[in-house]
Each structure stands twice: as structure tokens, then as C-alpha cells.
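Student: The residues making up each chain are set out below.
Number of protein chains: 2
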Amino acid sequence: MKLVLLSGGSGKRLWPMSNDSRSKQFLKVLTDGEGSMQSMVQRVWRQLERAGLAGDAYICASKAQVEMIESQVGDVPLIVEPARRDTFAAIALATLYLTDVCGVPDDEAIIVLPVDPYVEDGYFAALVDLEFDLRASGADLALLGVEPTEPSGKFGYIKVARHAADGNVAHGEPRGYMRVEAFVEKPERAAAERLMAGGALWNCGVFCFRAGYIKEILRRKEYPYSYGELCAHYDEVVSRSFDYEVVEQAESVVAAAYGGAWKDLGTWETLSGEMSGQVAGLGVAVECVGTHVINELGIPLVAIGLQDVMVVATPDGILAADKSQSGQLKRALGLLRYPERPMYEERRWGHYRVLDYTKLADGTEVLTKTVVLSAGRNISYHKHLMRTEVWTAIEGTGELFLGTQRVEIAPGDVVRVLPDQWHAIRAQTQLTFIEVQRGSSLVEEDVVRRFVNWQDIKAHCTALAT
Amino acid sequence: MKLVLLSGGSGKRLWPMSNDSRSKQFLKVLTDGEGSMQSMVQRVWRQLERAGLAGDAYICASKAQVEMIESQVGDVPLIVEPARRDTFAAIALATLYLTDVCGVPDDEAIIVLPVDPYVEDGYFAALVDLEFDLRASGADLALLGVEPTEPSGKFGYIKVARHAADGNVAHGEPRGYMRVEAFVEKPERAAAERLMAGGALWNCGVFCFRAGYIKEILRRKEYPYSYGELCAHYDEVVSRSFDYEVVEQAESVVAAAYGGAWKDLGTWETLSGEMSGQVAGLGVAVECVGTHVINELGIPLVAIGLQDVMVVATPDGILAADKSQSGQLKRALGLLRYPERPMYEERRWGHYRVLDYTKLADGTEVLTKTVVLSAGRNISYHKHLMRTEVWTAIEGTGELFLGTQRVEIAPGDVVRVLPDQWHAIRAQTQLTFIEVQRGSSLVEEDVVRRFVNWQDIKAHCTALAT
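Here the protein sequences come in this chain order: Z and V. Heads up, the first sequence is in the working numbering, so the first residue is 1 and it goes up one at a time. Heads up, the second sequence is in the working numbering, so the first residue is 1 and it goes up one at a time.
Source of the hints: derived by calculation from the structure; they are not laboratory data. For clarity, every value in this text was computed on a predicted model and none was experimentally measured. Quick reminder that beta carbons are idealized off the backbone N, C-alpha and C, glycines included. Be a bit skeptical, because a hint or two may be false.
[Claimed, not checked] DSBU-like cross-link-like pairs, simulated, lysine-lysine; straight-line CA separation at most 35 Å:
1. Z:Lys-330 to V:Lys-28
2. Z:Lys-12 to V:Lys-359
3. V:Lys-63 to V:Lys-2
4. Z:Lys-28 to V:Lys-330
[Unchecked claim] Listed below are several chain Z residues computed to face chain V (Cβ distance under 10 Å; list not exhaustive):
5. Gln-72
6. Asp-75
7. Val-293
8. Ile-304
9. Gly-305
10. Leu-335
11. Ala-361
12. Trp-454
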């Protein structure tokens, strides 16, 4: 049995904390047992480790998320999507990666789950049981459903047969699976009440199937059914959800119930309910009720006399929203016209924060950043075609190759990197510098990379220099 | 007759737009007739010019405000307070400056007013009449009072005799002055209603007196009564309001009524009422009622579902406050613990904005700024003892003296200024650079200045270099 954790798109529902590389699952807003902050991905990965499942788990993510995942959970097996195509394409890709690249047999069970469920450990035990349910029932799909705690209209419902299905008892133990009769998307309250009374479950995006089942579907839909082919034609795959494209069209689906805690922390309203304090970061809330403040900026934030409001300030932007209306966020952002780029990113080598972005009248762009390299990490040997960079070293020490020349870097040193000049830098101790980029195009694509590994860089430069 | 405009302290009532050098009177939040933005000081100064009074007007301000005033209204006569000591000391200083430095006779009338009344032009005509009222009544003081439009509890009231005082008719014209019977500070609503019904006026901080009258008071209170002496002992003068120290103790006070528009724009609640749009700067307000957004930062600000809230983001900080509770601002700021320094300042030579401030573990401070020098302006020839500066030129051209060496500056150039190194820079066209300061003490006081005038700097460096 293999587990695939789907790392979803950025979304805008937690703006300004989420951006293209920092989706909600990477936000360190939860406290772990020891009082330090962790993200949802980190929380789930630790739960998988405790459940002994991490060894069989893969994360399916976009390219933009790779360095963030490595920075947060270390060296985990990754399945990288060539583009964003919703969950049907992602699950197909993951399945073919497992069979074609990892040699997983067609008959093996694959369990797909979101990368960020906010759940108790019992959820992972229930996951493992899904494989048994799939086999025992002979169904195409086995789903995990959450027992509803209220007739909410925010979730999809799985309507199940009231009575246990045949074969529902095995090994002398009562098993939880039930035949699925229908799916109901976000019902009105009255309908939700009837569904709840009838034993329906919340659909929490957990699917168990045999690898071969997905291959058959791809073949039937005339999509490529080898990993290489699918990668090459990924943008031709329909951009639809797995629910719509597979689950609702399956002939036989069973579901098991998970009765523990489960929360959707996808909006400011729900996420703020899990925040431990009223204010995170430099700020103060006076005469506020039901209000939360998150401030990642270095300037103070003051909230006064607000009720049920979420105030969030990050390098990407500032939000002040009535919590119950935070669903309007996507529409509000659509009304804004501004050059959108992530202002904070975690990378394999550390992180950076944009301090200022200016576009001059002649089209020249100027970007000022704080860059922090973790001790022992390095930036690849690369060059830019269109920009000059000026680095002022602030704290820590490092070594730099500029062209092929090796330079020691200490606080106060200034480095100027010209267009077309190869360079790489490695932090000895944690190294912070202020970087001013100036050029006719500061897009991320203005880069040519040669080596990533520091030994390779050193060998290359030393050979050329002598 | 001379006019003295008192430029009050920064206050915190319009934080984060106001700071030590940018008080509320300097905020460009009002629209002028032609659709561009102007500050209250700029608006008042234009009104004085239209009324033909600018030639007799002086601005009394703190040292920190001098460059801002010059930047906004140009070359106006300034009376600079050696320190902040409330209005009694400021008015005494201004009076002695006028008599001792400008040669104004003791019998001449001085009219003191705030630098930022939000009024119609008729206010300035009423000002001029105050001198006549003072002379005609023979009173110690003539005040201007505003006819109340509502029984507000936010203002002080001037209680006047119901009937015109003796001598109230002169030149065959009815004059408006009335004997003042009492002063009532911020009354309860019921009391305010009685005062309003009785013809009381709002005290708007306008005082007319003979110069000699203030000198007599200083003599009686045993304070210095020459300008030089008062400057030297300014910090010994009691820090109290002129109302308390003089007006309420005067034997004979008259008041004239001004019936035109008058607004106190000293809080976000009142100021936002004069703002022309709902959003100023990069931002959007969705499903908001009675809400105003001001954003001076380069990142977007989104407000959703707020009612009667003021959201303001500037380099100094971020505020989200219920308008009716913006009076809590001072208390809220008192609860914050952070290193307070202005993040945006207008100077004689241009302006700067702080992009980032960091204090490292070893106590080293790092400050990153965008600095903009206006064309033809220069920064003085100075040096720092404790800091290194790295400038990356972004836009425009300039000339620099580093030590005594002259260097032309163009976009992309990098300049490193070491501790104890004399330097000055002049913009040929508007010159923008990113400055990274790094040092053991970044306080403003770490500076030794030699010359301000560019001709002097040039002559000095050329002489030494040859």
C-alpha cells in the first residue's frame, strides 16, 4: 500500500499569507506540543511518522512547492507535477509514477489524501483500514468519510446505505465500510440536516483504489497511460477534479467512517479558530472581540475596537476582513490591479523577503531583498543575462565564486555581480545579505544554471582558474 | 499686526501617518481645487496668501518640522522652538522673537492661530477684525470663537455675555465682539446644549493680544523676557497651555464669533470625513460601509466587510480601528514595545523611506532605506563615526565627494562609505539610491557636519585635493 499526499494549489483563501510558493499547508500558524510553530504539512508528516506510514508516503506537488517542502519536511519522495491540472490529472500522474518509476504492481492499493488534513492520529489508522475495505468489498473505490458534527453547508456529503453492506464483517471484527449511494455537493441547511440524520458523511478527499484501476480509466478516456507519456502531454489532460471525473462515475464505491476530529482550516474564519493567541507578531489589539492579528512585517500593527475581524500583514499584502466574509477574498483580489509576485519564499538554501519593488519610468526594475542562506547551504552556480546584483553582507560568513575567482565574505563586504557573470555563494555560518537587483527584466526565468552541488562548483572554478 | 501660526506637536492621534517629523498638519490627504493632494499647512498658507496676510505671517515650529515646512510651503519665516513646551512657552517665544529679533513694537497686535484650521476664507477676514476688537474693547485678549453647529462634547466652550458689550458699535458698524464670562472644557451633552442655547462659542485656539501684554506676564511670572534669555532657559518654562496659563487668568477677555465652516481634523474619524475617495493608494474595499483605506506601502491592502473602520498602512505601521474608537490610539500605542523611529521623512534635500530595520544578536544595527534626492539639492558634507553605508544608485545622476575625491554617479553605481569618511552628494537630476547602513549605532546623532552649501563643499574638497 502506498500513500500519496496531494499538495494543492496556492489558492487565495488565506491571502496574504498564501502565495504561489507558500500555500496554506506551509503556513506556520499551528503550535506543536513543545510550543514552537509548525505548518499543516509538518504536522501531518509527523503524524505519518508516528503511525509508521511515512516510509510508504509520497507528496505530489507543483514545481513551485518543491523547495518549500524540502525546507519544511526534509528529504521526502516527491512527485512533481509539470503543471497545475486539478486532482484528476495529479492522481493519474502519481499513480503512473508509482507503477512505472517505482515498480509498484497494478494490484497494489494506493490511498490518496490531502497534504493538510487537520485530524487526530486515529485518522491514519482509519486510512490503513481502507485497503482492507477495498479488497473485502471488491469495490472500485473506498473512501474515507468524516462523521458530521453539524449540518454544515460548506462540505460535500457522501450518502451511504443505512445498513452495513455484505461482507461488512471479516476476521470476526465489525468493519466500518458501507455502500455509497450518492454524492451531494454543499447542500442547503435543511438538506444537510436530512443527510446527517441519514448517516451521510463529509467527503474529505481520501480515495483508495488499485493502481490498475486508474490505468484502465486513462486507457478508456484515451489518455497516455505511461508516466513519461503523461508528463509529456500533461497539459492535454482535462483540468477537473478526481471526484467529478472518477468517483462520481465509478460503478461501485464504498466508504468508511472516521469519527474523530477533522477540521477544514482553509479559510481565515476556520484557521483563526486554531490560533493560540489573539496577536502573532509585532502588534496589539485593544477593545477587540473575536479578532485575530497576524503581523509578519517589521512595523507595528494596531487593531482597535474590531469585532470578528482578521487582520493580517505579510510581505505580500495587508488584509482587514470580517471573518464571516473572508470568502469574498478571491473576488476582492480580482479587483486589484498590481504586479503580482511572491514577496517571501522559502528555498532549498534558505529564504528571502522582498523589501521593495519599483519599476522606473524607463522600464528598469529594481528589487531589494533580504536574503538568508542557511549554514552549509549554497546557491547554484548561475548567471543572469539582464540584471546587475549588489549584495551587502550583513551577518555571518560565506565563500563566493565570482566568475572563477574565490572570495571570502564577511559582514560589511559588498559584492557586485554583473550581467552574464557566473556566480555562486555558500554560507559557512548563517549568512544574511541585502540584495539590490537592477535590470530590464527581473523575471525568475532570467537565469542560466550550471551546477548546484558545491563540490562541483569548486572543482569547476578551481580547474578554470589555474 | 503679525500672525503666528503654531505648528503643534506630532501627537499620536493620526498614527501611523503622523510621526515626530510628519505631524497631522503635513499629511497630504486633502484635495485642492485642481485635484492634486495637499496638506493642511499647504491649504492654510494658500488661504493666507489669498487673504493678503502671508506677508505678516510666521510659523512657530519644532526643529524636527523645519525641513518638512520648507519642503511643503517653501521659504516662510520660521520661529524654531528649542524644545517642545506646550503653547504657553511657544507663544511667549514667538512674541519675544517678534519684538526682539524683528523689531515689532510692544503695542502691536499679535494674532496666534493653529497652523491647521480647516476653515473657509471668511475665517481670515474675521482674524483681521480681532485687532479692532482688542483695541475697541480695551481687553487683554480678543479670541475668535466658532459658532457651534451641534452640542458637541469634544470641544472647549467660550461663554459670552448675552448682550453686546459697551463699545460694541464703532464706525457706525455693528462689531461682533462680546465679553467673555467663562470657559467650559468638553462639557457633557446636556451642558453643551445649555451652552449652545446661551450663545457660547467653540474655542478654536485663536488669540489676539498686544506684544507688550505677554512681556508683562513673563515679567510677573519671573521668566526671562528677552528672546535670547528665553531660548537659553526654554526648558525651565512650565509646559502648560496658553489657555490655562494666560487666557483663563486674564482680567478682561472679549470674543468675536466666526460663523463659517470649521472642522477639527485631528482624529481619523473627523479627517476621514474630508477624504474624497474610499481608498487612497494600492488597495480595495469590498462590502465595506463608512470605511476608509489609506495605503502608502507598495503592497496591496484589501478590506472586506468592514463597517466604520479606518485602515491605514504607512512605513511607520498599520492601523485597523473602529472610527468611533480611534481615541484609544494613544493607549494602544503605549501597550506596544518596539524601537520607535520615523520610517518616512521629508527633508530639505528630498525624502527617504526605511525599507527594513534589523538589530542583530551582537547589537549591530542594519537599516535599509530608499533615498530620493531632488534635482539640484545636496546632502551636507558630513561623516559618521559608527556606521558603514553602501549606496546602490537606481535612477538619475549626481556628483559625490568621498573624502575629497569627486565621483560622478550614474544608475547601477555602488558607493561604500566607511566610518569617519567625509562625504556629500548632490543630485543633478532626481537621484534615487538604496542605502544599507550597518553599524553599532544608527542613531541620528552619529553625524558630524561641516558644510551644507554645495559651493562650500566643492571649494573645500578641491582645495584639499590639489
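Student: Would you mind marking each hint as holding or not holding in the structure?
Tutor: Against the structure, the hints come out as follows:
Annotation: proposed proximity of Z:Lys-330 to V:Lys-28 holds, straight-line Cα distance about 31 Å (limit 35 Å). The hinted pair formed by Z:Lys-12 and V:Lys-359 meets the criterion: a straight-line CA distance of about 33 Å does not exceed 35 Å. Of the supplied pair hints, the one linking V:Lys-63 and V:Lys-2 holds, its CA atoms being roughly 22 Å apart against a limit of 35 Å. For the proposed pair Z:Lys-28 and V:Lys-330, the alpha carbon gap of about 32 Å is at most 35 Å, so the pair holds.
The restraint placing Z:Gln-72 at the interface with chain V is violated, with a minimum CB-CB distance near 24 Å, outside the 10 Å limit. The beta carbon of Z:Asp-75 is not positioned within 10 Å of any beta carbon in chain V (closest approach about 30 Å), and the interface hint is therefore violated. Contact between Z:Val-293 and chain V, as hinted, is supported at the beta carbon level, the nearest pair being about 8 Å apart and thus within 10 Å. Below 10 Å, beta-carbon pairs count as interface contacts, and Z:Ile-304 has one with chain V at about 4 Å; its hint therefore holds.
Given the 10 Å rule on beta carbons, the hint for Z:Gly-305 holds: about 3 Å separates it from the nearest Cβ of chain V. Of the supplied interface hints, the one on Z:Leu-335 holds, with its beta-carbon coming within about 5 Å of a beta-carbon of chain V, less than 10 Å. Satisfaction of the interface hint for Z:Ala-361 is found here, the shortest Cβ-Cβ separation to chain V being roughly 8 Å, below the 10 Å cut-off. Look at Z:Trp-454: its Cβ only gets to about 26 Å from chain V, farther than 10 Å, so that hint breaks.
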